[in-house]
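Chemist: Okay, here's what each chain looks like letter by letter:
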Amino acid sequence: MNSRAFAVPTGIGVHGRDTGAQSAYRIVVIGASLGGTRALSSLLSALPGHFPLPLGIVLHRAVESDDATLQQLLQSHSTLPVLEAEDKMPIAAGHIYLAPANYHLLVGHVEFSLSTEAPVGFARPSIDVLFESASAAHGNKTVGVLLTGASGDGAWGAARIRERGGTVVVQDPETAECPVMPRAAIAADAATSILPLEAIPGLLADLSQRRH
Amino acid sequence: MNDLSRLEETEVYLLLEGIYRQFGFDFRNYALASLRRRIWSVVRDEKLDTISALQDKVLHDASCLERFLLTLSVHVSGMFRDPGFFRTFRAKAVPLLRTYPYIRIWLAGCSTGEEVYSMAILLEEEGLYKRCRIYASDMNEAVLRAAKAGIYPLHLMRSYTANYIKAGGTRSFSEYYTAAYDSVLMRPSLVDQVVFCQHNLATDESFNEFNVILCRNVMIYFDKTLQGRVHQLFYNSLVNFGLLGLGAKESLHLTAHEHSYEQLSDEEKLYRRIA
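Going down the list, the sequences are from chains A and B.
Residues 1 to 212 (the numbering used here) are what the first sequence spells out, left to right.
Residues 1 to 275 (the numbering used here) are what the second sequence spells out, left to right.
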């Protein structure tokens, strides 16, 4: 890596920084749509207070919706700090990051990026964009969680996570307020586990403790 | 990092290095997370399978390079996007600007011009436009031509009108355009005081001294290194007490110039240079 004769762009060429024994996973990305506020509140409230991984969340909502309200609502259900992501915000362990309304949230190696590029499948923020960027940056150290929703967003991105060796947890459609989104991911063969909502926090806690 | 991710980053790196060495366009410090999505979209549009194949084509086919540059340069925008910013600009910036006999404004990364027309309309309604010179810059000539032409899809006017009203517009938005078929033409006098110019934030230097610089949702596509360069460029280009406007989710926090500015509003990213 040191032999490069010209400047290496930051964010690119950071290969090989992994050192020694580490968590099997580096980040959890979660997507939800219709019914998602309730599902997320329930999921976050059941995570352990010492949960060691960062979580990035896309929840579909109206363009005009108030970012602060959602942040406060989810914060009231979690002892982990809940932040609305700003551009280039560092990704910190045990923090929860929300995609702001009307921006895509993308995961990098060490920080988030935002984008105002066109909606993907009518969605901005798009779950596919969140999931795919996480899989590109963190490969098999990515956990994707797809919850209740009425669109097909997230299925493609979940398949990318699985393709790169990550883990994809899909809410059991039978237990979802709206089963369309989980079903789409299952139909895309993207799920590595299909679980009722109540069982997902326990699995995430377990995955977060795994080592290589 | 698995093998797939590593290979992809190597390919991106080689593509960007090749384009820089051959043509001087420097994307090496763009934010990788969003850049790779755009690169893949060009790969698909060109009916190729890999980023390496795109590298080959871009280096040998000038029209492919042009399409690549266009894809990387178009930032989705809209008239009076984030109306709250324009409302704040009226309330906090306009009173300060009234004290200047002559006002130079730089809209950096103006893309297809939506913000240029929005700002011209605001300044005209505040009676300041004739005193202003707006420098609207972008790195790409094709989008500058579109900005200059001022032609936008008719179907967007409903949402632009709603934005205009929320932004504190004092007239009827339809006064500012003429509709024909599926398009609208913005009133040409709105660009009377506008100079469209090619300028690349990644490689070019300051070209004037400004009272106001707006660069909203442009630097989100840059990594922190390039953001630092651009902040230095803006700092050097602003008069003392000059104003800087950024996108709603961008921040001066943790930049070298964090303490050189004061924020004029709690809600909006509108800053004044104070040091």
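There could be a bad hint or two in this list.
Said to hold, decoys possible - In silico SDA-like links for lysine to any residue, alpha-carbon gap of 25 Å or less: (1) B:LYS148 to B:ARG158; (2) B:LYS166 to A:ARG61; (3) B:LYS224 to A:ALA118.
Rather than coming from a laboratory, the hints here were simulated on the basis of the structure.
Chemist: Each of the hints needs a verdict: does it hold here or not?
Modeler: Going down the list of hints, with the structure as the test:
Simply put, LYS148 (chain B) and ARG158 (chain B) have alpha-carbon atoms about 22 Å apart, close enough for the 25 Å limit, and the pair holds. Between LYS166 (chain B) and ARG61 (chain A) the CA atoms are separated by roughly 20 Å; this keeps the pair inside 25 Å, and the hint holds. Note on LYS224 (chain B) and ALA118 (chain A): the hinted pairing holds, with a Cα-Cα distance of about 23 Å set against a maximum of 25 Å.
When each numbered hint is compared with the structure, no violation occurs for any of them.
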